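Position 90 (the sequence shown) corresponds to 637 in our numbering; numbering is contiguous.
Take these hints with a grain of salt, some might be off.
Unchecked claim - Here are the computed lysine-lysine pairs in the DSS-like style, where the Cα-Cα straight-line distance is at most 30 Å:
#1 K558 with K646
#2 K657 with K671
#3 K583 with K549
#4 K650 with K631
#5 K587 with K624
#6 K554 with K650
#7 K670 with K592
#8 K583 with K669
#9 K650 with K587
#10 K657 with K592
#11 K669 with K657
Unchecked claim - Now the in silico label distances, taken between C-beta atoms and shown as ranges:
#12 G571 with A602: 41 to 51 Å
#13 N628 with L568: 27 to 37 Å
#14 I560 with Y616: 31 to 41 Å
#15 K671 with I562: 40 to 50 Å
Don't read these hints as lab results, they were simulated from the structure.
Because the structure is a prediction, the values reported are computed rather than measured.
Ideal Cβ positions, reconstructed from N, Cα and C, are used throughout, including at glycine.
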Amino acid sequence: MKQITLKDIIKIIGIGTFITLIIGIFCLIIINKQTKNTVKEMANKVLTASDYYIANQMLENNLQEVTIYFPDNDTLKIQGNLPKEGYIKIYNNHQTEMKFYHKGYCVTKKTNENNFKIEKTKKKEC
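Modelling step: build the complete structure from the supplied sequences, incorporating the hints.
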């Protein structure tokens, strides 16, 4: 019978640590992708709600420039998660400008852009 040596134990621990590290990295990648997708869905939801708001205001002939700060669930009637901090500005010419920060991501949309940008940043840089 062969005895287990200290060298064998160190090899086993090293291999186990390496496998754990690889699994951890893959988990972090998956979590980051899921968080970014959640923020993207939230931005789409905010833009869709602002489009409905613009349409309703146009029907009532009452479209005025308005800035909505988050978390504000009353004006846009958004259900579900809202951005933790930020704003959306709706102009008289049906243009929207948006900027908010949520879970490590900054979402921005300028009036002359059709799509929004999502960047992983610190809260102070957003």
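Quick rundown of the hints versus the structure:
1. K558 with K646: 51 Å, violated
2. K657 with K671: 19 Å, holds
3. K583 with K549: Between K583 and K549 the Cα gap is close to 52 Å, so the pair fails against 30 Å, i.e. violated.
4. K650 with K631: Cα-Cα ~8 Å, so holds.
5. K587 with K624: Since the Cα atoms of K587 and K624 sit roughly 18 Å apart, the hinted pair holds (cutoff 30 Å).
6. K554 with K650: With a Cα-Cα distance of about 44 Å, the restraint between K554 and K650 is violated, given a limit of 30 Å.
7. K670 with K592: 21 Å, holds
8. K583 with K669: Answer holds: K583 to K669 is near 14 Å, not above 30 Å.
9. K650 with K587: 12 Å, holds
10. K657 with K592: 17 Å, holds
11. K669 with K657: 20 Å, holds
12. G571 with A602: 41 to 51 Å: 47 Å, holds
13. N628 with L568: 27 to 37 Å: 32 Å, holds
14. I560 with Y616: 31 to 41 Å: Cβ of I560 to Cβ of Y616: about 53 Å, so the range 31 to 41 Å is violated.
15. K671 with I562: 40 to 50 Å: 42 Å, holds
Hint compliance for this structure: hints 1, 3, 6 and 14 are broken, all remaining hints hold.
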